[in-house]
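S.K.: Line by line, the protein sequences give chains A and B. Count along the first sequence from 1, then add 379; that gives the number in this note's numbering. Count along the second sequence from 1, then add 36; that gives the number in this note's numbering.
Heads up, some of the hints might be wrong.
Sample of chain B residues lacking proximity to chain A, with all beta carbon distances greater than 10 Å (derived) [as the list claims (entries may be wrong)]:
| # | residue |
| --- | --- |
| 1 | A66 |
| 2 | S156 |
| 3 | M158 |
| 4 | I184 |
| 5 | P212 |
| 6 | L221 |
| 7 | R238 |
| 8 | K242 |
Here chain B is said to cover these stretches of chain A; the calculated rule only asks that three of the stretch's residues, wherever they fall, bring their Cβ under 8 Å from a Cβ of chain B [stated by the list, open to error]:
| # | region |
| --- | --- |
| 9 | 453–460 |
| 10 | 496–505 |
| 11 | 508–522 |
| 12 | 537–550 |
| 13 | 559–566 |
Here are a few chain B residues that sit away from chain A, every Cβ distance over 10 Å (derived from the structure) [unchecked claim]:
| # | residue |
| --- | --- |
| 14 | D38 |
| 15 | F44 |
| 16 | E51 |
| 17 | C62 |
| 18 | V75 |
| 19 | T90 |
| 20 | L94 |
| 21 | I109 |
| 22 | T117 |
| 23 | L130 |
| 24 | R132 |
| 25 | P139 |
| 26 | I172 |
| 27 | L197 |
| 28 | L236 |
Everything labelled a hint here was simulated from the structure, so no lab data went into it. Don't be surprised by glycine CBs; every beta carbon is placed ideally from N, CA and C.
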Amino acid sequence: MELFLVFLSAVLVNNFVLVRFLGICPFMGVSKQVETSLGMGLATTFVMVVASTVSWLIQHFILEPFGLPYLQYVAFILVIASMVQLVEMFLHKTSPTLYRSMGIFLPLITTNCAILGMALILVMRAFTFSQSLIFGIGAGVGFTLALVLLAGIREELEFADVPAPLRGAGIAFIIAGLLSLAFSGFSGLVS
Amino acid sequence: MDRLIKDFLRGLWDENPVFRLLIGLCPTLAVTTSAVNGVAMGLATSFVLVCSSTIVSLLKKIIPGKVRIPSFIIIIATFVTIVDLSMNALLPDLHRVLGLFIPLIVVNCLVLGRSEAYASKMPVSWSIIDALGMGIGFTWALMLLGAIRELFGTGHVFGYLVLGDWFTPWQIMTLPPGAFITLGLLVGLINMITIYVHKLVRQQHKATN
């Protein structure tokens, strides 16, 4: 039950993108089509799940026993960068079409602050190993959900008559604001 | 010299990281609940930007091309750790408010972007000027966004009462939806001004010809 609450809280109540403001760059950059945004969301989720467990292990078995907490940022970012490299190599071998359609955004998962943010939050909140794993999955699902929702709306917006200065980023931010307003309705769900 | 000034001014408007390039958006949206927080975040990011640009530019011949991105990130992470620890010691209140977003400067695409696109190719003094321009551009954008949200969300700006008792604060402005909507409208406004100015310049060109 407790694990389910951690999951629900990460997906809906404290949605990484719409409530915590993590991962806004890919949220704005890759949300023009539902299909690519779904691929991006899944790749990010995978990196998040692996990074959450590995950074928990590093924190508890290397940084804390050896008294190196000041190396936390450097260690975590290196883990994330190598995970992304691994995903990239794996996709390149198994699914070259998906690899090509993701293009430049695949290596950029490294600089997605949602992933480093998640690793830092789970250390800050002193999660156990299983909680960290569930938190990583929840964060990834929440990110994918927000990304696909915005992409769906933006696809429809292609045909709308938007004032010229607001076209592109401006209107996307306002839509994101309305989505965020909708998600704030979940705030009473988990206390 | 002309180009140096141009490179400096570019970050302030034409290539403003927040309003024009749309990078470094997570801290922009998250910490701008007040003008002071916006300025603090802007200055912290500018410090990391200037220092890491300097070091990257100094080491550009030594760092092998293939591992340049990880090397840049480690340089950036070092300066972020310095900012994080000194802020925690000197300004603990501010450090608590900015919280998670100080370590997240490591993955701010603005810092890595300038290292990759500018500092790794240009001489040191040029890189510093470019980083300063971008840093100031980032800081004023955060300050503006923070001031607007603070004004409508609480009636204050920089902690001083601006709107009187008659004003009922719009609480939504300090919450996440307010951040998204304010930034969307600001991006639209900046685009409108840019389109207008370009039109004026073109008309003047025609008139002088």
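S.K.: Take the hints in turn and mark each one as holding or not.
M.R.: Verification of the hints:
no., hint, verdict
1, A66, "violated (4 Å)"
2, S156, "holds (16 Å)"
3, M158, "holds (22 Å)"
4, I184, "holds (14 Å)"
5, P212, "violated (5 Å)"
6, L221, "violated (7 Å)"
7, R238, "holds (16 Å)"
8, K242, "holds (22 Å)"
9, 453–460, "holds (count 4)"
10, 496–505, "holds (count 4)"
11, 508–522, "violated (count 0)"
12, 537–550, "holds (count 7)"
13, 559–566, "holds (count 3)"
14, D38, "holds (30 Å)"
15, F44, "holds (25 Å)"
16, E51, "holds (14 Å)"
17, C62, "violated (5 Å)"
18, V75, "holds (18 Å)"
19, T90, "holds (19 Å)"
20, L94, "holds (20 Å)"
21, I109, "violated (6 Å)"
22, T117, "violated (6 Å)"
23, L130, "holds (18 Å)"
24, R132, "holds (12 Å)"
25, P139, "violated (5 Å)"
26, I172, "holds (21 Å)"
27, L197, "holds (27 Å)"
28, L236, "holds (16 Å)"
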